[in-house]
Structure formats: C-alpha cells, structure tokens
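**Q** Given these sequences and hints, build the entire structure.
Each chain, written out:
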Amino acid sequence: MGDLLTTLGSGLPLVGAEVTFWWVMGRIGLVLLLVHVLLIVGALMVWAERRVSAWMQDRLGPNRVGPEGLLQPLADLGKFMFKEDVVPKHTSKWMYMLAPAISLVPAMVTFAVIPFTGSYEPIYGADGQPTGEYITQSWQIADLNIGVLYILAIASLGVYGVTLGGWASNSKYSLLGGVRASAQMISYELSLGLAVVPVVLMVSSLRLGDIIAYQADTVWLLFTQPVAFFIFLVASYAETNRLPFDMPESETELVAGYHTEYSSMKFALFFLAEYTHMIVGAALVVTLFCGGWTFFGLEQLGWIMGVLIFAAKTTFFLFAFIWVRWTLPRFRYDQLMALGWAWFLPIALLNIVLTGGALAFDQDWVLYILPVALIAAAVIAAWFKYRRDLDNDVPKLERAPQLVGVAGSGGEER
Amino acid sequence: MNVLDLAPVLPLASEMAEFIPVLVMLIFGLAFAALNLVASFLLGQKAPTNPVKDMAYECGMPPISDAHQRFSVKFYLVAILFVLFDIEVVFLYPWAVKFEADKAFLFVEMLIFIGILFLGWWYVIRKGAVNWAQE
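Protein chains in written order, with this note's numbering: chain A, 19 to 432; chain B, 37 to 171.
Bear in mind the hints are in silico, worked out from the structure with no lab data behind them. The reader is advised that the hints may include incorrect statements.
[As the list claims (entries may be wrong)] Taking lysine-lysine pairs in the BS3-like style, the calculated list, with each CA pair at most 27 Å apart, reads:
1. K97/A x K89/B
2. K89/B x K107/A
3. K97/A x K82/B
Treat the numbers as computed from the prediction; the structure is a model and nothing was measured.
**A** Have a look at this one:
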C-alpha cells in the first residue's frame, strides 16, 4: 500500500521530480481523497461538538439518528439542502451569495501543505551499505518550500468571507459581527505570525516536512518553544472565532453575528468553514509544535502509523477546542483587543529576540527564561488575587444581613 | 558570504510544479461550494415571499433605517495598524530562514529592527489606539 501511494505521486522526491501526466493524476486523486476526508471530519466535528457539549452538561445530545447519533450530520445536510434558500431583497445579492464560498475555500486549500504521514528512507554510505541513518520524507498534497508563509497567507483570506457576509447582509447584527470578526482576526494574525518565527529560526526552513523532521530528530518544539506554542494555540482559537473569542457571533448580543441573515446551504457552508478552520488549526498546532505524524519512533512501523498518529494528535486538539468552549466564558471586546495587542504581541517579539540570542550564542538555557518568568508571574499574580479576594470577602459577608430589603444597595458598598 | 542569497525562500523553477496540486485543490474547493449553492437553489423549497420575510432581522421589530451606517473608527485604526505590523512580521521570515548563515551579525541586525518595531508598538499602546475600554 505504501508503494501504491508512492506511485500515486505523494511520496515522490521533490528534487528532480518530473511533472508527468500520471504525477498530476496522482495528485488529483490525493486531493479528492483529502477533500472528502476534510468534509467528513468537519461533519463529524458538528456531531462531536453537540455530543461532547451534552456530555459536559450531563445531557444526552443527538443520539437518535444512527448509532450514537452518528448519522445526525447526514440528516442535517438533507434538511439544509431542502430548506428554502432565502435571499432577502435588502442584501447585496452577489456578495451575499459569494461570501460563504469565500469563507470555505481558503480553509480547505490551506490543508494542502500539511503533511499527514511520511516515510523513512535509509541513507547509503559511500560503500553502498546503509549507514543506519534515515531521511524522513513527508507526504502531503503539495510539498511547498514556503509552507509556513503559504499557510499564513491563505488561512487569513477567510476573513474576507466573514466580513463580506456581514456587510452584504445589510443587517445591523451582521454588520457588527462582520467588522468585529475582521478586527479580531487581523489582530490575532499578528501574534500567530510572530509565534511561528522562533520555530522557523530553530528549523531554518519554511517547509513543514522539515519542521517535522527536525522535531523527530531532536525534541518537539512544544518543549523548547512553550510560549510560542501557547500564543499560537490561543491565536488559532481567536482566528477560528471560537469561544472564548466568539465575539463575531456572540449569540447573547448579536443573535448569530455575521450569518444572522443566512439560511439553507449558505448557512451550512459558513458552519462548515468554521469547522474546517478548526481542523486546519489543530493540524497546524500538531505539525508545528507536536511533531506532526511522528511519535517517538512509532511512525517507523509504516506509513499507516503516521496517519493514525497524526489523526490521534489532531483529534486531541479538536477535542480541546470543544473542551475550552464549555469551560471558559467569553472575553469582553476590550479584553480581547488588549490581550492580542498589549500582551501577545510584545511577548511574541521578546520570544523571537530570546530565541535568536539563544541560537546565536549557543546558550540553550536562554530558551527557558521566558516560559519560567511568565509562569512565575502568573502564579504570583494569582496568589495576590487570591489574597485580595480573601480580604475582600470577609467584610462583605459580615455586612450582608444589614442590606436585606434595602433597595439598590447592592453596588455601592464596593 | 552573501547573506542576501534567498534561494531557499524563493521557489525555484522546478519546484513551481508543487503549486499544481494547490491549484487542483482550489478548483475542487470552488466546485464543492458552487455545487452546494446550486443544489440548494434547485432542491430547496420555494415559498411565496412577503414584505416581512424580506426584512432584516431585528428581533421582530421592523428595522429602523439602513444597516450600512457609520461605525467606530477604531476598527479602521486596527486595520491600518495590522497592515503596518504584518509587513514587519513578513520581513522576519526570510531573516529566520537565513539565520544560520551568520548568527551573531544577523542577531544584532534584527535586534535593531525589532527595537524599532517595539518603539512603534509602545507608541501605539501609549496613544490608546487599541484601548477599547475608554469609550
């Protein structure tokens, strides 16, 4: 089976690869396969979101359609398909129709450069005998040497779909959701881009396959770049408009945000775009910081192990998306902007400087200054807040009985 | 040594072939989206419209005025600042890829660059350009 994939074209060596008819056909086959996988996983995520949230809230969730409700997405699809496709007269018709597609396509195309498995090829010495060392080769749809830049460029195009959808709907909720989304996504894109620079510094390559090979050879970048990992993870939550950053579609104030006016399949495409963005985000975190399809040598058993390892790691981060959603409350908009601009941006810059310094003068311990300092600062801040809350709580409890029945006495005491 | 040699960053002619699958994926993505929009248009129910159905949704009230009104200039400010900073971020990538070439020299160079960037950031923060709590 591994040979089959190689013949299909995904495992072809990059240098000297000849573009033949069958090479292109093989890649087209691979694209077809992966597009289907993306869509099916996206549909499964809709199901998982509802089941996991139900589990966390001690409910049942959708469990009637198929085993464990697994066919629920299919039922949803049927309903989306046969519902009326309302295009209200007050919208800008063409942009209103294009926006869901503009939102979905970049999310899918981003996945093209993410390696999902790979192979090891022995390095032969001068005498023709294997030296015992291997070169890792990643398999993906397109092995671009500017992979990281490609991802940052294409993934950020998704903001156009959301903003256009909000504007073209010509509804106040949609417009507010749209501009909020654009401001939020571009703000966190800065932190996202800056968080990846230390990774590129350490690997000296923008190709995602090289980043995975580096991690397989040394150690996961999660351990050497914890601050970059954290910023990247949080920024990817903000980029996908997920809680705790779901201001663009905060139900309690904007009904549904930028897709308030959408119905039928157009709404479904927006929905699918959000989940595809999540899948790509999780896969990126896995690729850049958690060793991609490698797992301490387990992947050498065969290419299918690589796929399984990659799927398992991505599933964990997808679960984390849902987990965080039902754990943390929504930020306020000023808190969101302050976090992105006043905290993440300088910390990411500082991280680049420290990583550069550590590499320039071969001082590995410098890498750990920032994470240790940040954790210490967080612990100290939490301790002081805990002490202050303790102090504040005592008089409030003592005074509480005196306030019973006094109208409007709740707020003044603080 | 020529630190401006960016060959590994810029695509070589032979490696441009790798963009063909990207193009294929783009076409499939667009086809999927178009297919779904057309299918739901053809298969979907078609009920007679009425003025209420065509209204923008404002929780049941008839909408007051057009939605395309003025909104806070802060959103625009954030967009402009993003363009400025994002260009700086992109400049960091070729530097990071080529860092191994001459570590100490490139480190000092980028220290100056990031220093200037940091000053810009400090100015933005002090001006309250991204402080949304004041209003």
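**Q** Checking one constraint from the list: CA of K89/B to CA of K107/A, max 27 Å. Satisfied?
**A** Holds, because 9 Å separates the two Cα atoms, which is no more than 27 Å.
**Q** Is K97/A within 27 Å of K89/B, Cα to Cα?
**A** Holds, because 20 Å separates the two Cα atoms, which is no more than 27 Å.
**Q** Verify the proposed pairing of K97/A with K82/B, using a straight-line Cα cut of 27 Å.
**A** With a Cα-Cα distance of about 14 Å, the restraint between K97/A and K82/B holds, given a limit of 27 Å.
Hint check: no violations occur; every hint is consistent with the structure.
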